[in-house]
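Build out the structure end to end from the sequences listed, making use of the hints.
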Amino acid sequence: MEKLIEQFSFGLFFWQLLLLIILLLVLRKVAWKPILNAIEERESGIKDALEAAENAKKEMQNVTADSERLLQEARIERESMIKEAREMKEKIVADAKELAQVEADNMINQAKTAIEGEKKAAVADIKNQVATLSLEIAEKVIKEQFSDTGKQLKLVEEMVSDIKLN
Amino acid sequence: MQKPFYVKILLVATLLLGFNAFAQDKDNQSVDEKGSVKAEIKEFIAHHLLDSHHFTLFTIDEENNEHFGFPLPVILWDNGLKVFSSSKLDHGQAVAEVDGEHYALYHGKIVKTDAQGTINYDAEGHATNVKPLDFSITKNVVFIILVSLLLIFMFSRMAKTYKGNNIPKGIGRALEPIILYIRDDIAIPNIGEKHYRKYMGYLLTVFFFIWIINLLGLSPLGVNVTNNIAVTFCLAIFTFFITAFTANKNYWKHIFWMPGVPVFMKVVLAPIELLGTLIKPFSLMIRLYANITAGHLILMSILGMMFIFKSWMGSSMSFVLASALSFLELLVAALQAYIFTMLSALYFGMAVEEPEDH
Amino acid sequence: MEIPTIVGAGLIVVGAAFGIGKIGSSAMDAIARQPEASGKIQTAMLIAAALIEGIGFAALFAS
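Chains as they are written, first to last, in UniProt numbering: chain P, 1 to 166; chain S, 1 to 358; chain W, 1 to 63.
It cannot be assumed that every hint is accurate.
For lysine-lysine, the following PhoX-like pairs were computed, each having C-alpha atoms within a straight-line distance of at most 25 Å [to be verified]:
no., chain 1, residue 1, chain 2, residue 2
1, P, Lys33, S, Lys169
2, S, Lys198, P, Lys47
3, S, Lys160, P, Lys29
Some chain S residues flagged as far from chain P (calculated, every beta-carbon gap over 10 Å) [to be verified]:
no., residue
4, Ser136
5, Met317
6, Val320
Honestly, the hints are just simulated from the structure, not real lab data.
What you are looking at is a predicted structure, and each value in this text was computed from that prediction instead of being measured.
The beta carbon of each residue, even a glycine, is placed where N, CA and C say it ideally should be.
The structure is reproduced here in structure tokens:
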């Protein structure tokens, strides 16, 4: 220990102190500050770039997922549309068929009634004509038959006999 | 892959140059006996570990006191500022006369003396000469300045390459992982996400300062700055003051009035905790100093063994051992910087810990 | 008989060495058990070892 104290050189201590202070100040200004700042800047730059890449990746994934989802939706929509269209078509066809059937039935019915009416009218007409004709014929026959008195008498006789029979 | 490669190059260069320089130092010594060799090695190591007023690159001739290097300015405070070149001292061989006062080197320290350079001793053999306050630019100070300039140059250039695209170029590629390591594995786990930013400057500066200066201490120049207690003391006192000044109420409460223990224990714990705050930077100081000193001491002793054994076996063994130790020292250089930074961060973390973090 | 302080320092160093060894072996066990936590274990190990080392150095320099 005494040797150490004896060896201690105050001059060297003084110079070392002075030079170390100068060295510290100069290096801090000239070297450490710019170097550390540059390193930190670079590191933050790298970090930012990595984050940006990560974000871009995520976004990309989102976009793909979105487009996938959209595609899926579109597909579903298309299918449902097709299905709907098919159903509509079927419905329209069915409706049309039904409507046609009803219309046809109606027409047939109408036609039937019309025919029936015509038939009745025709029959009534025929009946009338037949009656008229028969009356004319009967008139003519009667006129001819009863042109002579003998025959008239004979008829009367016959009729009378008929009545008796009844 | 940058960092290992960078380290590898440094490592190989350090080893090659290191041995070269040590060898140069040793080759120029003419020795005959083992005993004198031992003493010489001991002296050489002691000299190597000491600070010096002359930047000696290598010794040309020990006998004639010829050294290759350059003198450094000596600055003394002795009733006024005295500045002169260390060449006047001539490695302790001459007495320098400045403004009527005489100075000489005694065991690496400047002492006041008379014109003849007389050293007075007390009964225990210690020199009693007056030691003026020595603010000299010594070898270690030059090295601290060089390393500071190197750090400023290196990191300001690195900072410039970040302009524009925030990507480092050149040496920044090797240094950035270390900066990131200090931030992510030392500062943030120990101090916490919220407060770590304001300590980063100190942690990074201290780490790179200690690491680079330790590595260069292993280089052929061999100026081991961190084996001076003054240097590690300065570093430790910085950690201590930063801890003390940035500490929040919770930290002081834990020291002076520990919550959750009986009153008697609170009274007992307060001085212990207070002592703990001083022991922490003290251990930081001693650890760095002792590790580097011990490393250099062992490495140089093993290298010195080469000259003691002077045999094929002993020399090659000491060579292998020294190589292994050099690798270990490279690790220690980084490890001590890491531990100093780590423990500093730990202490800062304690200082800013919030009560709810418990 | 007076025991030189260096002997005490030596004893402390032996103790410190034993402590560091124990920390190392425990850390090895822990890493073997939980290899994913090796970083944290290493940090804790280094801190504990550094603290004990500090005691060892204190003893060495106090002697």
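List in ascending order the numbers of the hints, as given earlier, that are violated by the structure. Per hint list: single violation, 4.
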